[in-house]
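For the sequence shown, the residue numbers in the UniProt record's numbering are 1 to 188.
Hints are computed from structural coordinates only; laboratory data are not their basis.
Be careful, since some hints might not be right.
As the list claims (entries may be wrong) - The calculated lysine-lysine pairs, modelled on DSS-like cross-linking and capped at a C-alpha distance of 27 Å, are:
(1) Lys86 / Lys72
(2) Lys86 / Lys173
(3) Lys72 / Lys40
As the list claims (entries may be wrong) - Computed beta-carbon distance windows for the label pairs:
(4) Thr56 / Gln174: 31 to 37 Å
(5) Pro129 / Gln152: 32 to 38 Å
(6) Leu60 / Ser153: 33 to 39 Å
(7) Tyr146 / Asp180: 40 to 46 Å
(8) Thr134 / Met46: 19 to 25 Å
(9) Leu140 / Asp87: 35 to 41 Å
(10) Arg36 / Met107: 41 to 47 Å
(11) Leu60 / Thr102: 27 to 33 Å
(12) Gly55 / Leu137: 48 to 54 Å
(13) Ala83 / Thr134: 19 to 25 Å
(14) Val172 / Asn116: 25 to 31 Å
(15) His165 / Asp142: 26 to 32 Å
We put the beta carbon where it would ideally sit given N, CA and C, even for glycine.
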Amino acid sequence: RAYQANAQAKKTKRTHSSKDKPDIIGEAPAMQEVFRAIGKLSMSSMSVLINGESGTGKELVAGALHNHSPRKDNTFIALNMAAIPKDLVESELFGREKGAFTGADSMRRGRFEQANGGTLFLDEIGDMPLDVQTRLLRVLADGEFYRVGGHQSVSVDVRIIAATHQNLEELVKQGQFREDLFHRLNVV
Numbered sequence: 001r002a003y004q005a006n007a008q009a010k011k012t013k014r015t016h017s018s019k020d021k022p023d024i025i026g027e028a029p030a031m032q033e034v035f036r037a038i039g040k041l042s043m044s045s046m047s048v049l050i051n052g053e054s055g056t057g058k059e060l061v062a063g064a065l066h067n068h069s070p071r072k073d074n075t076f077i078a079l080n081m082a083a084i085p086k087d088l089v090e091s092e093l094f095g096r097e098k099g100a101f102t103g104a105d106s107m108r109r110g111r112f113e114q115a116n117g118g119t120l121f122l123d124e125i126g127d128m129p130l131d132v133q134t135r136l137l138r139v140l141a142d143g144e145f146y147r148v149g150g151h152q153s154v155s156v157d158v159r160i161i162a163a164t165h166q167n168l169e170e171l172v173k174q175g176q177f178r179e180d181l182f183h184r185l186n187v188v
């Protein structure tokens, strides 16, 4: 089961370099506003939350933010939280130590370590389990974390761009999304 879930998780991860990201085009006033926001936010290292319906190009906007940022020569990793089984999200993001759980026969670096110096795009962040939200908040605050089963902290410098089609304010009211994480991501 863990092997199948790991194979599925690999399918949901995409790594891009600046060269293979398509450009966004559009002349509508709403698109011009998006372009201005990308220009303004790309030079910042702050986390960004992108809201929009499925199929509206949230990953393209995240890629453009990365490609126009000082991090553009480093890794861009896109990860869809809704596509990863809930019991594997933590090890997918933070990695694991050998023996951390049944089937963990080797140490594995998580997406945070893989994206160090670059950008980690967390699509459908509203589907992230609450306990993992707590760990994400700590990484945003401290720039470090522990691998699953680990006892030594790992320091990273990663920009987080998150996206959702859900109403996170409503999820906060329902107790399904951390209010402090919402405010940490929703700064613009």
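Earlier hints that do not hold, by number: Hints 1, 4, 5, 7, 9, 11 and 12 contradicted; others consistent.
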